[in-house]
Amino acid sequence: MAAHAIMFEPDDRYNAFLTVCNKAPHGGGKLAGIAIAVKDNISTRGIETTCASKILKCYVPPYDAHVVGLLKESGAAIAGKTNMDEFGMGTTTENSAFGPTLNPADTTRVPGGSSGGSAAAIAAGMVRMALGTDTGGSIRCPAAFCGIVGLKPTYGRVSRFGLIAYANSLEQIGPMAQNVSDVSLLMQVIAGHDRRDSTSYNRPFTHTPNADIRGLKIGIPQEYFGAGVDTRVAEVTKRAVFRLEELGATTVPCSIPSMEYALAAYYVTCTSEASSNLARFDGVRYGPAADAKKSWHNAYREVRRAGFGTEVRRRIMLGTFALSSGYYGKYYAKAQVARENVKSDFARIFAGVDVIAGPTMPTIAFKLGEKSDPLSMYLADILTVPANLAGIPAISVPCGKVDGMPVGLQIMGKPFEDERVIDVAFAYEQAVS
Amino acid sequence: MVTEQDVQHIAELADIGINTGELGPFTDQFNAILDYFDVLDRVHGEGQVPRDLADVMREDEVEPSLPQEEVLKNAASQEDGFIKAPRVM
Chain A
1 MAAHAIMFEP
11 DDRYNAFLTV
21 CNKAPHGGGK
31 LAGIAIAVKD
41 NISTRGIETT
51 CASKILKCYV
61 PPYDAHVVGL
71 LKESGAAIAG
81 KTNMDEFGMG
91 TTTENSAFGP
101 TLNPADTTRV
111 PGGSSGGSAA
121 AIAAGMVRMA
131 LGTDTGGSIR
141 CPAAFCGIVG
151 LKPTYGRVSR
161 FGLIAYANSL
171 EQIGPMAQNV
181 SDVSLLMQVI
191 AGHDRRDSTS
201 YNRPFTHTPN
211 ADIRGLKIGI
221 PQEYFGAGVD
231 TRVAEVTKRA
241 VFRLEELGAT
251 TVPCSIPSME
261 YALAAYYVTC
271 TSEASSNLAR
281 FDGVRYGPAA
291 DAKKSWHNAY
301 REVRRAGFGT
311 EVRRRIMLGT
321 FALSSGYYGK
331 YYAKAQVARE
341 NVKSDFARIF
351 AGVDVIAGPT
361 MPTIAFKLGE
371 KSDPLSMYLA
381 DILTVPANLA
391 GIPAISVPCG
401 KVDGMPVGLQ
411 IMGKPFEDER
421 VIDVAFAYEQ
431 AVS
Chain B
434 MVTEQDVQHI
444 AELADIGINT
454 GELGPFTDQF
464 NAILDYFDVL
474 DRVHGEGQVP
484 RDLADVMRED
494 EVEPSLPQEE
504 VLKNAASQED
514 GFIKAPRVM
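Sequence lines, in order, name chains A and B.
So that you can map any letter, position 360 of the first sequence is 360 in our numbering, and since no number is skipped, the others follow by simple counting.
Just remember that our numbering sits 433 ahead of the position in the second sequence, which is counted from 1.
Keep in mind that the hints were calculated from the coordinates and are not lab data.
Yeah, the Cβ is synthetic: ideal placement off N, Cα and C, and Gly gets one too.
Hints should not be assumed to be uniformly reliable.
Unchecked claim - Partner residues are not named here, just some residues of chain B that face chain A (Cβ under 7 Å, in silico):
#	residue
1	MET434
2	LEU486
3	ALA487
4	VAL489
5	LYS517
6	ALA518
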């Protein structure tokens with residue numbers, strides 16, 4: 001299968017890669033010889049996979065994630081593993097145990113996160129495509145901040161087998177690239193059923209982008225252009241929507257009232273799932289050794305205090321609290337009702353429109369160190385988390401600049417209409433390029 | 434409102450390990466975040482039971498799995514082909 005190899009020696013001045021495969025083997029196929037970067041929370045057989053955490057330093061998976069197997073079968077060369085916020089927990093890639101990734105558009109700014117390494121590697125031209133993961137915006141945020149294209153597929157469309165889990169009910173692996181055609185090409189390779197992921201659907205992706213959007217109805221939610229959104233970002237996004245109207249689309253104002261509590265519902269859900277998922281990191285089967293002479297709890301606490309970064313420990317504790325006796329009803333149970341309300345809001349709006357459009361992020365990329373307070377970092381995810389709560393597809397495509405920094409246009413679609421959000425992004429991209 | 438004792442208790446439940454110096458900052462941050470989570474008090478109703486979910490079952494069949502040496506490769510502490518864990522008692 002791997003008859004050939006490419007030499008991959010990128011000038012990684014942005015700390016986009018945690019591992020570089022200098023000699024990357026590949027076979028033939030749709031992606032023959034194309035260097036593809038893979039986020040470091042996706043298992044790669046024989047290649048260190050750390051989730052940007054000290055607790056997985058030196059962990060070498062004995063198997064490939066399903067998507068990595070598919071990449072290899074298509075002839076792709078796995079060029080390396082990209083930096084991220086530890087376990088995907090962050091919006092800037094500053095929460096990496098191995099140092100932050102810098103934004104190639106301005107190295108005093110963050111690339112966004114948590115798939116910041118993948119986005120920076122593409123934006124800097126080191127690779128043409130990459131895989132990211134998106135739990136609450138982790139593909140779309142760095143795509144917007146770095147000026148590239150990123151798709152969060154419909155939940156269930158891409159297998160999560162071999163993805164090191166953070167929040168199973170929210171996260172999806174998805175394609176990132178310089179342009180929409182490459183995002184679509186990568187989606188063709190990675191989408192489809194996998195029996196090893198019981199949430200996986202048999203919905204392969206065979207589409208090629210089509211720029212004809214005449215007659216398309218676009219919902220414009222007021223919450224995406226209101227309080228908390230930088231007026232210049234809102235303005236650039238509105239111009240992009242106007243461009244879509246020039247191409248034959250019509251717009252319909254709409255509202256997502258559940259946005260009021262969507263972010264809180266998201267953080268309660270993801271931290272609760274994380275508190276359970278990350279219990280497996282105890283230094284026994286992998287990671288730095290737990291001291292087998294100590295008692296169970298003491299040995300684990302030692303390993304986990306030393307191995308996890310502050311944000312990861314904060315989220316594990318928040319989730320443990322939200323699930324604990326006496327608080328479950330107030331936090332977790334309410335969050336699940338809120339989540340259903342978000343789904344209902346989208347279903348209601350999608351009864352009258354084909355897609356929903358707005359900015360991907362409320363601001364341009366932050367300065368490094370700007371978001372030191374955890375809550376203010378969480379609030380930056382307000383426009384991306386609704387798609388994860390509802391499980392719907394959402395893409396970010398570059399739509400202009402503010403202060404010289406890229407702004408992303410976000411297109412959200414109905415469940416399993418990944419093709420349509422790709423078409424709308426493609427139509428916009430073709431019109432402005 | 435959570436106290437430093439509450440945070441200490443949560444850290445113990447989660448086996449997370451916490452230094453005394455961290456208790457103050459974690460407690461302050463938790464209170465800010467939990468204040469924000471109070472917006473969930475405005476969520477009403479029981480929520481609909483998700484309509485589009487189904488159990489995915491399969492036969493429990495033995496299939497080829499990883500060889501023992503592959504499984505043990507990442508375990509830092511081993512003995513006689515087994516993974517060595519801290520003592521429970």
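Right, here's what the structure says about each hint:
no.	hint	verdict
1	MET434	13 Å, violated
2	LEU486	10 Å, violated
3	ALA487	10 Å, violated
4	VAL489	4 Å, holds
5	LYS517	5 Å, holds
6	ALA518	5 Å, holds
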